[in-house]
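Peer 1: This is what each chain is made of:
There are 2 protein chains.
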Amino acid sequence: MSSTVSPLAPKSVPDMPAIRGVRLGTAAAGIRYKGRTDVLLALFDKGTTVAGVFTTSKCPSAPVEWCRAKLKGKTARALVVNSGNANAFTGKTGKQSTALTADIAAKAAGCKTGEIFLASTGVIGEPLDATKFNGVLETLAGEVAPDRWLEAAKAIMTTDTFPKVATAKVKLGKATVTINGMAKGAGMIAPDMATMLSFVFTDAPIAAPALQALLKGGVADTFNAVTIDGDTSTSDTLLAFATGAAAADGAPKITRANDPKLKAFVKAFNEVLANLAEQVARDGEGARKLVEVVVEGATTKASARKVAMSIANSPLVKTAIAGEDANWGRVVMAVGKAGQPANRDKLSISFNGIRVASKGARDPSYNEAEVSEAMKNDTIQIKVAMGLGKGRDRVLTCDLTKEYVAINGDYRS
Amino acid sequence: MSSTVSPLAPKSVPDMPAIRGVRLGTAAAGIRYKGRTDVLLALFDKGTTVAGVFTTSKCPSAPVEWCRAKLKGKTARALVVNSGNANAFTGKTGKQSTALTADIAAKAAGCKTGEIFLASTGVIGEPLDATKFNGVLETLAGEVAPDRWLEAAKAIMTTDTFPKVATAKVKLGKATVTINGMAKGAGMIAPDMATMLSFVFTDAPIAAPALQALLKGGVADTFNAVTIDGDTSTSDTLLAFATGAAAADGAPKITRANDPKLKAFVKAFNEVLANLAEQVARDGEGARKLVEVVVEGATTKASARKVAMSIANSPLVKTAIAGEDANWGRVVMAVGKAGQPANRDKLSISFNGIRVASKGARDPSYNEAEVSEAMKNDTIQIKVAMGLGKGRDRVLTCDLTKEYVAINGDYRS
Numbered sequence: 068m069s070s071t072v073s074p075l076a077p078k079s080v081p082d083m084p085a086i087r088g089v090r091l092g093t094a095a096a097g098i099r100y101k102g103r104t105d106v107l108l109a110l111f112d113k114g115t116t117v118a119g120v121f122t123t124s125k126c127p128s129a130p131v132e133w134c135r136a137k138l139k140g141k142t143a144r145a146l147v148v149n150s151g152n153a154n155a156f157t158g159k160t161g162k163q164s165t166a167l168t169a170d171i172a173a174k175a176a177g178c179k180t181g182e183i184f185l186a187s188t189g190v191i192g193e194p195l196d197a198t199k200f201n202g203v204l205e206t207l208a209g210e211v212a213p214d215r216w217l218e219a220a221k222a223i224m225t226t227d228t229f230p231k232v233a234t235a236k237v238k239l240g241k242a243t244v245t246i247n248g249m250a251k252g253a254g255m256i257a258p259d260m261a262t263m264l265s266f267v268f269t270d271a272p273i274a275a276p277a278l279q280a281l282l283k284g285g286v287a288d289t290f291n292a293v294t295i296d297g298d299t300s301t302s303d304t305l306l307a308f309a310t311g312a313a314a315a316d317g318a319p320k321i322t323r324a325n326d327p328k329l330k331a332f333v334k335a336f337n338e339v340l341a342n343l344a345e346q347v348a349r350d351g352e353g354a355r356k357l358v359e360v361v362v363e364g365a366t367t368k369a370s371a372r373k374v375a376m377s378i379a380n381s382p383l384v385k386t387a388i389a390g391e392d393a394n395w396g397r398v399v400m401a402v403g404k405a406g407q408p409a410n411r412d413k414l415s416i417s418f419n420g421i422r423v424a425s426k427g428a429r430d431p432s433y434n435e436a437e438v439s440e441a442m443k444n445d446t447i448q449i450k451v452a453m454g455l456g457k458g459r460d461r462v463l464t465c466d467l468t469k470e471y472v473a474i475n476g477d478y479r480s
Numbered sequence: 068m069s070s071t072v073s074p075l076a077p078k079s080v081p082d083m084p085a086i087r088g089v090r091l092g093t094a095a096a097g098i099r100y101k102g103r104t105d106v107l108l109a110l111f112d113k114g115t116t117v118a119g120v121f122t123t124s125k126c127p128s129a130p131v132e133w134c135r136a137k138l139k140g141k142t143a144r145a146l147v148v149n150s151g152n153a154n155a156f157t158g159k160t161g162k163q164s165t166a167l168t169a170d171i172a173a174k175a176a177g178c179k180t181g182e183i184f185l186a187s188t189g190v191i192g193e194p195l196d197a198t199k200f201n202g203v204l205e206t207l208a209g210e211v212a213p214d215r216w217l218e219a220a221k222a223i224m225t226t227d228t229f230p231k232v233a234t235a236k237v238k239l240g241k242a243t244v245t246i247n248g249m250a251k252g253a254g255m256i257a258p259d260m261a262t263m264l265s266f267v268f269t270d271a272p273i274a275a276p277a278l279q280a281l282l283k284g285g286v287a288d289t290f291n292a293v294t295i296d297g298d299t300s301t302s303d304t305l306l307a308f309a310t311g312a313a314a315a316d317g318a319p320k321i322t323r324a325n326d327p328k329l330k331a332f333v334k335a336f337n338e339v340l341a342n343l344a345e346q347v348a349r350d351g352e353g354a355r356k357l358v359e360v361v362v363e364g365a366t367t368k369a370s371a372r373k374v375a376m377s378i379a380n381s382p383l384v385k386t387a388i389a390g391e392d393a394n395w396g397r398v399v400m401a402v403g404k405a406g407q408p409a410n411r412d413k414l415s416i417s418f419n420g421i422r423v424a425s426k427g428a429r430d431p432s433y434n435e436a437e438v439s440e441a442m443k444n445d446t447i448q449i450k451v452a453m454g455l456g457k458g459r460d461r462v463l464t465c466d467l468t469k470e471y472v473a474i475n476g477d478y479r480s
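Residue numbers (my numbering), protein chains in the order written: chain A, 68 to 480; chain F, 68 to 480.
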């Protein structure tokens with residue numbers, strides 16, 4: 068947790084309503100930090116379904132491997148998240164740590180270990196001493212409550228400067244259901260997945276396979292469209308839990324993600340994901356500006372995504388934004404290196420709606436003073452029109468500042 | 068040109084011998100900088116052959132397009148390089164600028180425009196006023212001399228902190244031939260090509276197609292194995308010129324790159340390229356440490372290259388090095404995101420010969436004090452043993468410092 072909150076943090080935090088069937092608790096287990104909470108326990112009522120998407124890293128953390136295996140059971144009774152130690156690249160010890168954590172949690176929750184889901188975030192390569200959860204989880208299980216959302220979001224933070232929560236209410240059939248989410252991110256945020264850890268909860272009755280399809284569809288233009296530094300964590304995890312409690316109010320049971328009754332829910336669910344993903348970008352390590360990269364006129368959406376990511380991950384573009392310099396030459400560079408179809412002489416580029424380049428050269432109406440003023444804004448949109456087709460996409464990122472280097476050059480000490 | 072020379076600069080600059088058939092001159096044409104030279108003219112005797120490799124950017128600069136087209140003529144009589152303006156993304160004006168520059172140079176050199184080669188480096192997206200070469204190139208053509216190598220290397224610098232030259236002498240048949248090279252780099256250095264501008268000269272008699280094959284083979288493990296920030300310039304250019312003057316001493320005329328008589332020459336030629344490429348890494352913007360990433364035990368050499376590049380381009384690895392932190396967890400992260408075959412539990416990682424991780428966990432003999440001491444060195448080797456096969460490769464990079472951000476956040480102002 069940094070002492071200075073990102074200037075891009077949302078101005079207000081939403082009131083997070085309770086979700087029937089979910090209770091939360093946090094504690095200080097002393098994993099790494101002093102004077103703050105570092106463990107979250109969420110308990111779920113019987114019948115809660117679960118879905119998950121994870122890092123594409125070839126070297127995933129032990130908790131990621133644990134969750135992937137346990138998803139087959141389709142149900143969850145508890146989630147244990149710790150900050151301070153990622154339990155990644157910890158060899159056999161890492162596997163033993165997840166097993167021990169799950170044992171302790173299962174005893175505390177009164178369920179099978181296969182219904183326990185785990186996530187860890189923090190330093191990689193250090194053994195996680197799971198015995199620290201002994202007693203802590205048992206105590207927490209007696210204290211959990213339905214209104215601890217903000218505390219929960221705080222307990223999972225690492226270099227984040229503010230807790231990230233989002234909520235929505237939406238009709239499902241005649242019932243009103245709730246969707247709550249939390250995330251932690253900050254660095255090492257790149258597809259796929261785009262955040263280190265995020266958890267979404269709902270009381271809608273959705274079968275596990277439908278929830279999985281929903282989640283997979285939802286991340287494509289949200290978490291997977293956010294990048295901070297192009298680095299991909301070994302621990303990226305997004306889990307969704309559906310307690311089904313709203314069935315008591317008449318919410319229909321959903322077994323297919325493409326069920327027409329789910330339409331409004333899908334929209335709200337994706338908005339919660341998008342909200343959380345944007346907060347992750349707003350809390351990029353050292354970030355002073357939120358950057359939206361829009362690419363249109365590409366040959367396909369996939370091609371637009373690749374060009375947008377090339378721009379969003381370019382250190383030279385990101386340092387220029389940090390310097391409030393509308394350096395569209397570097398944007399051209401990043402378009403050029405993306406390896407996608409591009410015609411230099413058809414490119415147009417705008418910063419915050421001001422066109423600076425068109426058809427392969429500086430825009431005739433270019434006014435440096437006007438653009439420089441626009442670059443002072445704390446939200447910068449870079450729009451690139453490729454002039455080739457109808458492919459369009461958008462990604463979020465942040466600028467690259469000296470603070471990023473300071474944070475990451477001194478993280479372990 | 069920065070006022071502070073990189074601490075990684077070579078301790079001495081080699082004496083650069085003359086190469087028969089090559090004469091050089093530099094001048095201050097006032098392209099952008101004040102109080103320094105910014106244009107280089109090299110004149111070649113008749114019969115000089117030429118070869119080139121260029122950026123893979125889909126949005127190359129006008130000079131890159133000019134050179135690509137003129138390579139078909141196989142001969143060169145002059146090279147004109149300017150710093151301060153890259154003449155990239157300058158639309159029709161850019162093309163007109165190259166044509167005008169070539170016209171002025173051809174008149175000065177007394178040759179055809181098709182024998183003029185051009186390169187420009189500096190700001191992208193600003194029109195290059197080629198009329199500034201009027202008179203300047205003509206005067207230079209009367210002043211060129213065979214001993215101006217260091218001045219030449221200085222005239223092509225942008226954010227470089229020291230001029231980069233290298234030289235070798237080697238037997239070709241019974242004659243001794245010379246290879247001289249110069250380069251400028253510093254930022255936006257990533258394959259392929261790996262340097263913004265480099266020029267290599269020899270008096271060996273080598274036909275253009277053989278020289279082209281030689282150059283293409285030589286860059287793979289030299290310039291294309293260097294990365295500073297993963298960004299790829301629109302202007303990257305490496306040109307080789309062979310005057311053939313050593314034929315007068317009995318050097319055999321070479322028409323095929325795989326001619327056995329060329330063996331020693333190829334080795335020396337590649338060493339000059341490797342030397343220049345390393346100097347580019349040593350002068351990475353803001354660099355305080357030279358980083359060699361060695362990946363061995365990968366499934367193939369190509370796979371090892373991809374993993375090495377993933378490590379070398381990772382902002383989190385590079386900031387850790389800047390912070391003198393042997394953060395091998397981030398190296399694991401970078402291995403994992405490379406998308407190449409990897410088995411976490413077979414990975415071993417060393418920093419400067421000290422093994423910190425083996426078989427998927429912290430090395431039992433790990434001694435933080437010992438490793439921390441080693442990280443103070445200004446040259447850091449990260450070695451990753453994948454444990455899968457015999458693929459091995461090596462790339463060079465540098466650390467990512469606050470100075471990089473300062474240089475690039477303030478470049479245009």
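If you are wondering where the hints come from, they were derived from the structure by calculation, not from laboratory data. These figures come from a predicted structure and were not determined experimentally. Among the hints, a few may not be true.
Put simply, identical chains are the same to the list, so a pair is met inside one copy or across any two.
Said to hold, decoys possible - List of simulated lysine-lysine pairs, DSSO-like, C-alpha gap at most 30 Å:
(1) 162 <-> 450
(2) 426 <-> 159
(3) 241 <-> 125
(4) 426 <-> 373
(5) 330 <-> 413
(6) 334 <-> 236
(7) 426 <-> 125
(8) 373 <-> 328
(9) 450 <-> 469
(10) 141 <-> 101
(11) 457 <-> 125
(12) 236 <-> 101
Peer 1: Please work out whether the CA atoms of residue 162 and residue 450 approach to 30 Å or closer within one copy, between two copies, in both situations, or in neither?
Peer 2: Between copies, since 26 Å is at most 30 Å while 45 Å is not.
Peer 1: Between copies, within a copy, both or neither: which fits residue 426 and residue 159 at Cα up to 30 Å?
Peer 2: between (57 Å within a copy, 10 Å between copies)
Peer 1: Please sort residue 141 with residue 101 into within, between, both or neither, judging by C-alpha distance up to 30 Å.
Peer 2: Answer is neither: 36 Å inside a copy and 69 Å across each miss the 30 Å cutoff.
Peer 1: Measure nothing new, just compare the shortest in-copy and cross-copy C-alpha distances for residue 457 and residue 125 to 30 Å and report within, between, both or neither.
Peer 2: between (34 Å within a copy, 19 Å between copies)
Peer 1: Go through the copies and call it for residue 426 and residue 125: within, between, both or neither, with a Cα cutoff of 30 Å.
Peer 2: between (41 Å within a copy, 15 Å between copies)
Peer 1: Checking residue 450 and residue 469: alpha-carbon separation at most 30 Å within a copy, between copies, both or neither?
Peer 2: This pair counts as both: shortest intra-copy Cα distance 25 Å, inter-copy 28 Å.
Peer 1: If the cutoff is 30 Å on CA atoms, where do residue 334 and residue 236 land: within, between, both or neither? Let me know, please.
Peer 2: Answer is within; shortest intra-copy Cα gap is 11 Å, inter-copy 70 Å.
Peer 1: Regarding residue 236 and residue 101, is the shortest C-alpha distance of 30 Å or less found within a copy, between copies, in both, or in neither?
Peer 2: Cα proximity of residue 236 and residue 101: none, with 37 Å in one copy and 63 Å across.
Peer 1: For residue 241 vs residue 125, is the C-alpha pair at or below 30 Å within one copy, between two copies, both, or neither?
Peer 2: Answer is neither: 44 Å inside a copy and 54 Å across each miss the 30 Å cutoff.
Peer 1: Given a CA cutoff of 30 Å, do residue 373 and residue 328 count as a within-copy pair, a between-copy pair, both, or neither?
Peer 2: Answer is neither; intra-copy 34 Å and inter-copy 46 Å both fail.
Peer 1: With 30 Å as the alpha-carbon cut-off, assign the pair residue 426 and residue 373 to within, between, both or neither.
Peer 2: For residue 426 and residue 373, only the intra-copy Cα distance (21 Å) is at most 30 Å; the inter-copy one is 34 Å.
Peer 1: Since the copies are identical, ignore which copy is meant and state whether residue 330 and residue 413 lie within 30 Å (CA to CA) inside a copy, between copies, both or neither.
Peer 2: neither (39 Å within a copy, 46 Å between copies)
Hint compliance for this structure: hints 3, 5, 8, 10, 12 are broken, all remaining hints hold.
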